[in-house]
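Student: Chains as they are written, first to last, in numbering that gives the first Met the number 0: chain R, 0 to 637; chain D, 0 to 326.
Just so you know, these hints were derived from the structure itself, not from any lab.
Hints should not be assumed to be uniformly reliable.
[Unchecked claim] List of simulated lysine to aspartate or glutamate pairs, DMTMM-like, C-alpha gap at most 25 Å:
| id | chain 1 | residue 1 | chain 2 | residue 2 |
| --- | --- | --- | --- | --- |
| 1 | R | 516 | D | 69 |
| 2 | R | 514 | R | 359 |
| 3 | R | 521 | R | 569 |
| 4 | R | 516 | D | 152 |
| 5 | D | 112 | D | 152 |
| 6 | R | 514 | D | 100 |
| 7 | D | 112 | D | 69 |
| 8 | R | 521 | R | 78 |
| 9 | R | 506 | R | 602 |
Nothing here was measured: the structure is a model prediction, and the numbers come from that model.
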Amino acid sequence: MTTASPQTIADGRERDRLILQQAWAPAAGPLRWFKEVNAQVIGRRYIITALIFFVLGGIEALLIRIQLARPENRFLNPDLYDQIFTLHGSTMMFLFAVPVMQGLGLYFVPLLLGARNVALPRLSAFSYYLYLCGGLFLYIGLLSNTGPDAGWFAYTPLSGPQFSSGIRLDFWTQMIICTNISALAVAVVIIVTALKQKPPGMSLNRMPVFVWAMTIQSFMVLFAMPVVISAATMLFLDRSVGTNIFNSAEGGDPLLWQHLFWFFGHPDVYIVFIPPMGMAAEIISTFCGRPVVGYQAIVLAEISTGFLSFGLWVHHMFATGLPQLGTALFTAASMMIAIPTGMQIFCFIATFWTGRPRLDVPLLWISGFIATFIIGGFTGVMLASVPFDVQLHDTFFVVGHLHYVLIGATVFTVMGALYYWFPKISGRMLNSTLGVWSFWLSFIGFNLTFLPMHLLGLRGMPRRIYTYQPGLGWSNLNLLITVGAFILATGFFLTLLNMIKARANGKEAGMNPWKAKSLEWKTASPPPSYTFLDVPVLPSGGPSEDEEPEGVVRGFDASRRELLMTKVVDASPDYRHIVPGPSIWPFLLGLTSALTFAGIAFDVRWAAIGAVLCIIMLIGWFWPNGKSLTARTTWTTE
Amino acid sequence: MNCLLAFSLFAAVLPSTINQSALYPAGPQAATPYYLWNVFAWVFGILWVIVVGFMIVGLCYRGRATRISELAGEKAVATGAAFTAIILLALIVISSAIARDIATDQSQANELKVRVTGHQWWWEFQYQNGPADRFLTTANELHIPIGRPVRMEVRSGDVIHSFWVPSLSPKIDAIPDHFNEIVFQADKVGTYRGQCAEFCGLQHAHMGFLVVAETPADFQKWFNHQLDPSQDNLSAEEQQGRQVFLSSPCVVCHTVRGTSAFGGIAPDLTHLASRTTIAAALLSNTPGNLSGWITDSQRVKPGTQMPPIDIASQDMQPLLSYLDALK
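Go ahead and model the full structure; you've got the sequences and the hints to work with.
Tutor: In structure tokens form, the structure reads like this:
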């Protein structure tokens with residue numbers, strides 16, 4: 000071995016960089032926007048699109064609150080109100096909460112693993128177009144008076160052919176199928192990426208908490224989404240070809256829909272709750288200057304939450320008259336899930352005590368999440384009790400509870416994660432003064448909005464009513480809630496403004512503005528298209544997030560898009576996987592599938608035409624291009 | 000007309016004594032959840048202060064040297080988890096014991112049996128004690144005697160509704176072709192408001208009803224009177240009004256016992272004038288509201304199944320007189 004001079008090494012590094020840059024060059028040509036398959040690009044699009052839907056869902060929430068500010072208000076007619084509250088729920092769950100988690104997952108899971116891209120880049124690109132079209136079509140439906148009006152839960156028989164004519168609900172079922180298939184696709188991408196692309200040295204028991212959370216969430220998506228896809232298909236068949244699956248007059252059962260919907264719907268709550276726990280762990284570890292206390296406890300708690308969440312769905316149905324023994328089981332399961340959830344919170348607080356917390360804006364949001372989420376958890380335990388639930392079920396108490404969970408845990412944490420990761424995504428810092436203002440306005444507005452809802456529920460105000468009569472003791476509380484909702488919206492708007500301003504002229508972030516230790520901070524901000532110059536090798540033993548890479552993997556053919564695949568458990572190098580570059584086929588297939596689903600809503604015969612078109616797109620997708628997919632070579636690490 | 004109607008909507012404030020709150024229970028079935036709420040609110044209120052207190056103290060440690068060791072942190076987590084498990088187990092036991100106490104499977108001999116059917120968007124009540132020819136059908140106003148359990152058989156005529164009287168009875172869903180039951184009892188004389196709790200379409204918001212809890216004697220008097228057909232002893236104007244009624248489309252859907260009106264898909268009007276409210280506890284039962292409801296139902300309750308009825312202006316006063324005579 001000859002000794003290379005520093006100059007030669009520097010030249011060699013620069014040559015490596017240029018070769019990588021060429022191999023991982025972004026798509027080119029007039030259609031480049033549609034050809035991109037880079038995980039960071041797709042992830043960023045997911046995040047931005049989900050945030051736009053978050054704004055739309057928020058506007059719908061404000062319209063609902065204006066309508067409910069006064070008794071017998073005539074701001075919205077009942078038909079429009081029903082469409083708007085249905086879209087508010089559908090948007091926030093299907094078009095914001097799940098996609099924003101998956102977008103952050105697509106962007107950061109490969110970065111946290113030191114990987115160049117996700118394992119199935121075209122599948123992630125395909126899923127994005129499916130999601131985008133599904134969401135867009137749903138809103139085109141609203142604008143053309145074809146918005147769904149049976150609630151995001153669409154209980155049969157109200158959503159069935161007998162009581163909901165027209166194509167409003169047909170269109171909704173197809174768009175739900177569309178967006179949930181896209182969620183399934185991302186789940187597959189993230190599972191493969193997390194399990195097969197860990198860098199050497201990062202064995203499974205040392206994977207970052209956020210990657211664990213995304214993996215667990217993806218497995219949950221894999222089991223939950225097919226249920227809602229099938230249920231929506233059954234509902235569509237009832238509506239379009241007269242199958243009577245949910246029609247009790249012909250031997251079907253409307254209650255079956257509720258079982259199917261909540262068998263998906265309850266895990267879905269945890270699908271948008273587990274990733275935030277992972278984000279919180281990353282943020283807390285960075286701002287406390289130490290790994291989180293109880294890494295194993297947190298990971299095991301998240302896994303058990305994932306399992307338990309599939310055994311709670313009946314607590315949405317305590318008022319349907321199910322047998323008492325059955326409901327008792329679900330009471331116990333629903334309360335028990337508070338144990339792993341509580342443990343994670345305790346681990347976070349213990350990390351504050353053992354570390355040196357720096358109360359920067361991301362950690363501020365996380366502390367806000369803990370303070371508010373606990374209330375949502377407590378009211379959740381209350382509602383798990385059958386005698387209590389049958390009184391408060393379907394009232395504003397539940398509206399308050401679910402927003403404490405979904406905004407307190409999911410949105411506050413995503414806000415924290417945006418402040419934390421925005422510098423990595425954009426290369427620019429968010430303004431922290433504006434961030435502090437945004438947090439406190441949101442925090443105060445949030446509590447002003449949702450805390451009084453519990454009292455409203457106790458005072459007997461049911462959910463999903465487009466208006467209410469004066470004299471029931473609800474009017475002033477509702478006015479207060481509407482004021483709170485506008486304060487909350489202002490708070491969130493400041494963060495949005497912050498992002499727009501920072502993107503134009505924010506302070507340069509540099510590689511690692513928070514002095515964090517995890518891998519995503521060991522490359523430029525924003526990361527180059529090849530993410531890292533070298534695939535790192537981590538020292539084995541000890542929490543991976545607290546250690547510098549001890550070497551790099553050599554032996555790649557840098558002129559191709561090669562990914563290092565490692566063994567699932569011990570992360571020892573396995574083989575090199577060659578991933579495809581920019582391709583138009585994911586876009587064409589995504590668009591064709593979305594149009595097929597939309598067409599089916601109008602005429603089921605579109606299924607046949609669409610299938611033929613999709614097959615043509617798939618042939619294009621899989622057309623052999625002479626590049627083998629895997630390569631085995633000898634490995635060196637240094 | 001519209002102006003008057005808009006005014007009457009706001010004027011139709013229900014008597015201030017009407018109670019639709021779970022915080023003012025008037026019977027054992029509503030007292031139980033209220034008791035649980037008090038337990039929960041105290042237990043969880045204290046726990047919240049403790050957990051958030053720990054968080055704030057932890058966050059304020061920044062910069063100080065007095066950090067606790069990792070082992071101490073892990074021990075604290077384990078202690079917290081153990082406490083959580085113990086508290087939850089206790090709550091599961093309390094909740095299950097209460098659930099068993101208020102179960103509806105044992106019927107008592109003196110129960111008042113009522114079948115309630117939820118319709119889009121009103122409530123039909125049928126009293127089912129005694130022989131079938133003594134069954135009484137009424138709408139949107141349930142009279143019950145105090146101190147006697149009421150067994151409600153809950154049915155649906157169309158989509159899923161949910162029967163709920165916060166200060167008397169927890170909710171139970173009315174599901175097509177499912178036979179649900181709930182038992183409740185009022186201990187205090189009073190009027191209690193109930194409302195549909197399951198989203199059931201356009202007028203879910205206006206699907207209320209009143210529960211009038213009376214002394215057993217008052218109840219029996221009311222019940223016997225309601226069993227009678229509508230009275231025949233009418234003034235000339237009322238007789239003219241009856242003619243208007245019977246020749247109008249009203250009879251297609253409504254019944255007035257003792258006349259040829261026996262439509263079966265809308266509220267029974269035999270004793271309409273004895274009720275406090277119309278349109279499912281939306282409007283107080285006044286001639287002005289009634290005429291607005293008849294001629295402009297879609298404005299009062301957009302989407303309601305009741306179509307606006309075209310009544311000639313000279314016929315309206317007699318019709319209202321007749322309806323007012325249906326005591």
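Student: Going straight from one Cα to the other, do residue 514/R and residue 359/R come out at no more than 25 Å?
Tutor: Since the Cα atoms of residue 514/R and residue 359/R sit roughly 12 Å apart, the hinted pair holds (cutoff 25 Å).
Student: Compare the distance between the alpha carbons of residue 514/R and residue 100/D with 25 Å, and conclude whether the hinted pair is satisfied.
Tutor: violated, 59 Å
Student: Are the Cα positions of residue 112/D and residue 152/D separated by 25 Å at most?
Tutor: holds, 8 Å
Student: Is it true that the CA of residue 506/R sits at most 25 Å from the CA of residue 602/R?
Tutor: This hinted pair is violated, its Cα atoms lying about 53 Å apart.
Student: If you draw a straight line from the CA of residue 516/R to the CA of residue 69/D, is it 25 Å or shorter?
Tutor: holds, 19 Å
Student: Against the 25 Å threshold, does the CA-CA distance of residue 516/R and residue 152/D hold or violate the hint?
Tutor: Outside the cut-off at roughly 64 Å; violated.
Student: Take the C-alpha atoms of residue 112/D and residue 69/D, compute the straight-line distance between them, and say whether it is at most 25 Å.
Tutor: Between residue 112/D and residue 69/D the Cα gap is close to 64 Å, so the pair fails against 25 Å, i.e. violated.
Student: Given the proposed pairing of residue 521/R with residue 78/R, does the C-alpha separation stay at or below 25 Å?
Tutor: violated, 53 Å
Student: Quick one, are residue 521/R and residue 569/R close enough, alpha carbons at most 25 Å?
Tutor: holds, 23 Å
Checked against the numbered hints given earlier, this structure breaks hints 4, 6, 7, 8 and 9; the rest are met.
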